[in-house]
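*Asks:* Here are the chains, one letter per residue:
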Amino acid sequence: MTELLVLAALGGVAVCTGVLVFVVDSMARATFSLLASFLATGAALLVMDLAYLGLLTILMMTIEMAIMAVFMIMLMMNPAGLVPMTMVHNTTGSAVVGAAAFVLLTVGVWTTDWPDRPGPPPDDATAQVGEAVMGDYMLVMILVGVVLLATMVAGIALATHRGRYDRFGPDLDRRAPDDPVRGGLPR
Amino acid sequence: MTETTWTSPWAGLAVAGVAVLLGLVLASLDALVRGAPAPGGRPVLRAVTPLRAGARLLLERRRTTLAPDRLLRTVALVATPVLALLSAAVLPFGGRSVVSTSADLVWFNAAEALLWAAVWLLGWGPNAVHPLVGAYRFLAQGLAYELPLMFAIITVGVGAGSLRATDVVAAQADGNWFLWTMPVAFVVFLLGAAAFAFWGPFRAPAGADLAGGVLAEVSGVDRLLVQVGRAVFLGVAAATAAAWFLGGQDGPVLPGPVWYALKTLAVMALLVGVGRRWPVVRPERFADVAWVVLLPATILQSAVAAVLVLGGFYR
Chain Y
1 MTELLVLAAL GGVAVCTGVL VFVVDSMARA TFSLLASFLA TGAALLVMDL AYLGLLTILM
61 MTIEMAIMAV FMIMLMMNPA GLVPMTMVHN TTGSAVVGAA AFVLLTVGVW TTDWPDRPGP
121 PPDDATAQVG EAVMGDYMLV MILVGVVLLA TMVAGIALAT HRGRYDRFGP DLDRRAPDDP
181 VRGGLPR
Chain U
1 MTETTWTSPW AGLAVAGVAV LLGLVLASLD ALVRGAPAPG GRPVLRAVTP LRAGARLLLE
61 RRRTTLAPDR LLRTVALVAT PVLALLSAAV LPFGGRSVVS TSADLVWFNA AEALLWAAVW
121 LLGWGPNAVH PLVGAYRFLA QGLAYELPLM FAIITVGVGA GSLRATDVVA AQADGNWFLW
181 TMPVAFVVFL LGAAAFAFWG PFRAPAGADL AGGVLAEVSG VDRLLVQVGR AVFLGVAAAT
241 AAAWFLGGQD GPVLPGPVWY ALKTLAVMAL LVGVGRRWPV VRPERFADVA WVVLLPATIL
301 QSAVAAVLVL GGFYR
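These protein sequences, in sequence, are chains Y and U.
According to my numbering, the first sequence holds residues 1 to 187 in order.
According to my numbering, the second sequence holds residues 1 to 315 in order.
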């Protein structure tokens, strides 16, 4: 019973802070409301005894939001984001999409005939997650990993305005690359 | 399955006390090595400099800036010491810890990763230039240290065959310390600890060239909270390194807790002794070294540990 109440409270926090993202008027507050929402979700997973998944959610989302803050503030209209600004665009359209997705997921959660647990809960849920992901789905994981890596490399290659000719000269014969920011290794 | 959690309600308080003590010991060692101003011209008293500085901060009047983001600043100030104490929750003492899940190593990692948010907010909160630049420096530094640190932690998990802190200590019984087979992970773990506490050579986010960076506009009790948080985090990281790489309480003749304390002190001495002799490393230089040298080295290290596991070397 207590567990259910805590879960409900964490769910409430996750939804409320999620709504706050669109209410507050600063990029920093929007970003960290979203992080608070994810942290509540991670804590909910912890309450469900899914330690690894919960902690991983907290860990990844924190780093993700921090990096997102960098990019959002870098790319938006007012420098450093110190001037209050609205966090919503295309209000009607996004409200419709959001409401539809919420209804769809909620209906799905409540109407699905969830199976009962066949045995006792495992001693080590983390090991079970590992076996589930790395056992039968190993090939899929390897493929997805390579596709993700290729996407990242391609994304960086498309986004950067300096190619190898800028770095190593027109004949690619420069010994040390000519970079605006020098690295820490002697090259 | 043996019980691995302290059930007494006092355990949490006791471990929080131990964590603060670890922070204090680290700060004292740091003051000794750094050659902090000696009270009354007596160098022995250098060790109490952190206490004096803390007391002074308690009495100091708090400064504030024009139009700060009060909410986010408060979150950052509270988060730093709270995260440091949370990271101590998975410290294994005598086969138990305050929090014992099947993913303790990820718990420590998550507590430390939340510093990304806390330190950035610390720089954002005051609405001033120098702290904000310091905050971005910290994120740049984070991009450098985080992945090698994660691989170092993963290596420990691979060697122990479990992510539970008490299992990690148990796997190193009878002198089979992970340090012998995972020296690279040990060094990278300590580098990462210094970097996430932005201390020693990695203090660029709070650097003197930035007029104090993220710490430029925090004063009084606020500053005390942040500084205590940093010291406790680093102290707990030293104890964690002693448990994860040096076998915690494992050792002959002397009782376990004494061994644990000695190892923690040794790690602190190593950290402070080496860390205070290095110049400040600029984040962009560290990023280059981290991605080109440290990351491949830690991946190789975890591969070595994995091969040793397959060969039945551990246990």
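Simulated from the structure, these hints should not be mistaken for laboratory data.
Predicted model, so just to flag it, every value in this text is computed and none were measured.
Be aware that one or more of the hints could be misleading.
As the list claims (entries may be wrong) - Quick list of simulated restraints, FRET-style, between CB atoms:
#1 THR86/Y to PRO39/U: 17 to 23 Å
#2 TRP278/U to ALA8/Y: 36 to 42 Å
#3 ALA11/U to MET74/Y: 40 to 46 Å
#4 PRO115/Y to VAL82/U: 45 to 51 Å
#5 VAL78/U to LEU4/Y: 27 to 33 Å
#6 VAL144/Y to LEU51/U: 31 to 37 Å
#7 GLY17/U to THR111/Y: 47 to 53 Å
Glycine included, C-beta positions come from ideal geometry on N, C-alpha and C.
*Asks:* So, for every hint listed, does it hold in this structure?
*Replies:* Right, here's what the structure says about each hint:
no., hint, result
1, THR86/Y to PRO39/U: 17 to 23 Å, "violated (55 Å)"
2, TRP278/U to ALA8/Y: 36 to 42 Å, "violated (50 Å)"
3, ALA11/U to MET74/Y: 40 to 46 Å, "holds (45 Å)"
4, PRO115/Y to VAL82/U: 45 to 51 Å, "violated (39 Å)"
5, VAL78/U to LEU4/Y: 27 to 33 Å, "holds (29 Å)"
6, VAL144/Y to LEU51/U: 31 to 37 Å, "violated (53 Å)"
7, GLY17/U to THR111/Y: 47 to 53 Å, "holds (51 Å)"
Checked against the numbered hints given earlier, this structure breaks hints 1, 2, 4 and 6; the rest are met.
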